[in-house]
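In case you want the letters, here they are:
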Amino acid sequence: MNVIQVVNLTRTFNSLLAVDDISFSVEEGEVFGFLGPNGAGKTTTIRMLTGQLQPTSGWARVAGCDVVKEQERLKPLIGVVFEYQNLYERMSARENLEFNARLYGVGQHRVNELLERVGLLERANDRLQHYSNGMRQRLLIARALLHNPSVLFLDEPTRGLDPGVALEIRRLVVQLAQAGVTTFLTTHYMDEADQLCRRVAFINQGRIVALDTPEQLKLTHGQRNVTVILEGGERITLSLEDKDAGQSMAKLMATRQIRTLHTGEATLEEVFLQLTGRRLLE
Amino acid sequence: MNSRAILTIARKDIIDAVRNLYILFGLLLPIGLSLFLSFVFPDEGEMLKLTIAVYDPGGSRLVTELQTLSQVTLRQVASEQLLSDEVKKNAVGGLAIPVGFDTALQAGEKPELGAYVNRRRGGGEIAAFQQLVDQQVWSLVDQEAPARVVWTDVGTSAGFQGEFRFQRIMLVMFLVMALGMTGTFMVPTLLVEEKEKHTLDSLLISPAGPKEIAAGKALTGMSYSLLCAGVLIAMNKGWVGNWPITFVTLVLGSLFVVMVGLLMGSLFQNAHQVNTWSSIILLVLIAPSWIGLVGPATLLEVFLRLIPTYYMTHAMGLSLAGKATFALVWGDMAILVGCIAVVFIAVVWAIKREGK
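Taken in order, these protein sequences are the chains called A and B.
The numbering of the first sequence is the working numbering, which starts it at 1 and goes up by one.
The numbering of the second sequence is the working numbering, which starts it at 283 and goes up by one.
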């Protein structure tokens, strides 16, 4: 079942075409990656899908709700982790969550439950002025999950975080997907998209230029080869398209001089570069 | 409208606002100024030198009493007509004491005391003269309001006739200032802060829409402005006169300035813009309350009548003096309600414009 359905969605700001006629759908429980460089239209798309911005044309349904006509019904069904850490700094983590719990009419027991889940229970009464980036990011995720949304929008959730915290957040996304939460993820980190997403869409200058599973994108757009580095430092690249590739590899193995072997599968970054001529981290 | 969302936002802002030192300072400033003035000038009436003309054909003790006061210079005149002329030319006020005044007082009657006031003089001086007359007449016999003082204006009269005492003028000033600070500084700051820190985005995807957010901020502003007004009234013993009218005027005035604050918060994008404009708008809003101090000036008053807080000041001044009735101030109230409606429409327009 499609939880997110987007058809010919377009948004212009005066003469600027920010999102240009995009269409896609996301299934229930899927982690869907939306990848593109800064200014490609990722955040504008999220803002339209969460009802913050009206499309110029086209339509979208999220969790069965029209994002323009059924905003009030949509709001309790979605959770959003914004690209910026928009929390009340003079309040504690607990106060931030309690405020949102009241807004959504959620029982206060959920506050403790989520504080524990994101590992902030011990520091729950500290004001956010004393929190690290990682702690704030965990709190943002807790806030987005407070009302048990069925669709989660994560806009660059691990940007600027140390690897340990980023890993914790990725684990949480996996757990949520296993629990049936549909996740719409934008990220600059290709490894992250590769690990987490069942499918990814590349967006460039407002248009979707590719949409598939990460493996299929790499297969379609990458090269099938293996690079062998020998003990003496010599590098030999074997194309897997070559009929004799197997024999050549067997010979090399027989010499017992192989130091390392590297598959030449393209990365998502390289696929994006190949498709658009731009780097994701421009 | 989602009332739960409105109350939740208001509750959050009421707590969060006082943790913001700038907002806290803004809220406490009028109270602090009032406290400061009450220490520095415990009785402002004694600070002024007053020239008072007196027509006293019966040789009243009131004149003897007045002569003992160092702040008073008395000018005795021979007729009531000369008294009026003297007041116009040289004095802040004059007293026409009838023959048998003291005897009537002692008999427990309420004799008429003619009091002339020169409206060309400053409001502070006039108020001090009025306060002095009230106190001095009262001190002659140990009973309340022993004489019926009939005030007569001499010279050009403006809108605020009659009954302002200095403390009342200052109280009205501080009340307008407290409401103005809350409206033009606290309310837009709360709204703009949500924009600057992007917390507005998370509010807008929550069950609270723009209307609930605006109403929550308005409720916070109203709560603080009325709280500050209550503190000021308590500090200045201002719960006198026609207090229901004072209360209604404060509620309407508070609603008006809060609406102005919401409009500012909708139009401005950052705290710098709020800080720059709020002081200018605050000065404009509190200007009508200065009229009691600077004294009436016809041309100035024409301009001040264009500012809605003029009508709040007028109604509040009359009600604090005990001279207001709803029939007398309905015009002021109607103008305030009209201004609230106009600014409310502008706020709705600004919020819709922001949403696009």
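Hints are computed from structural coordinates only; laboratory data are not their basis.
Since we're looking at a predicted model, the values are computed, not measured.
Treat each hint with caution, since some may be false.
[Claimed, not checked] Derived CB-CB ranges, DEER-like:
{"no.": "1", "chain 1": "B", "residue 1": "613", "chain 2": "A", "residue 2": "129", "range": "47 to 53 Å"}
{"no.": "2", "chain 1": "B", "residue 1": "559", "chain 2": "A", "residue 2": "129", "range": "26 to 32 Å"}
{"no.": "3", "chain 1": "B", "residue 1": "628", "chain 2": "A", "residue 2": "10", "range": "48 to 54 Å"}
{"no.": "4", "chain 1": "B", "residue 1": "628", "chain 2": "A", "residue 2": "273", "range": "46 to 52 Å"}
{"no.": "5", "chain 1": "A", "residue 1": "108", "chain 2": "B", "residue 2": "529", "range": "45 to 51 Å"}
{"no.": "6", "chain 1": "A", "residue 1": "121", "chain 2": "B", "residue 2": "588", "range": "34 to 40 Å"}
{"no.": "7", "chain 1": "A", "residue 1": "108", "chain 2": "B", "residue 2": "302", "range": "23 to 29 Å"}
All C-beta atoms, glycine included, are put in the ideal place defined by N, C-alpha and C.
Hints and how they fare:
At about 50 Å, the beta-carbon gap between residue 613(B) and residue 129(A) stays in the expected band of 47 to 53 Å. Residue 559(B) and residue 129(A) have their C-beta atoms about 28 Å apart, which keeps the hinted 26 to 32 Å range intact. As the Cβ distance of residue 628(B) to residue 10(A) is approximately 32 Å, the hint placing it in 48 to 54 Å is violated. Restraint check, residue 628(B) to residue 273(A): a C-beta distance of roughly 51 Å satisfies the suggested window 46 to 52 Å.
Restraint check, residue 108(A) to residue 529(B): a C-beta distance of roughly 36 Å breaks the suggested window 45 to 51 Å. A beta carbon spacing of about 58 Å between residue 121(A) and residue 588(B) contradicts the range 34 to 40 Å that was offered as a hint. Against the hinted window of 23 to 29 Å, the Cβ-Cβ separation of residue 108(A) and residue 302(B) comes to about 25 Å, which satisfies the hint.
Checked against the numbered hints given earlier, this structure breaks hints 3, 5 and 6; the rest are met.
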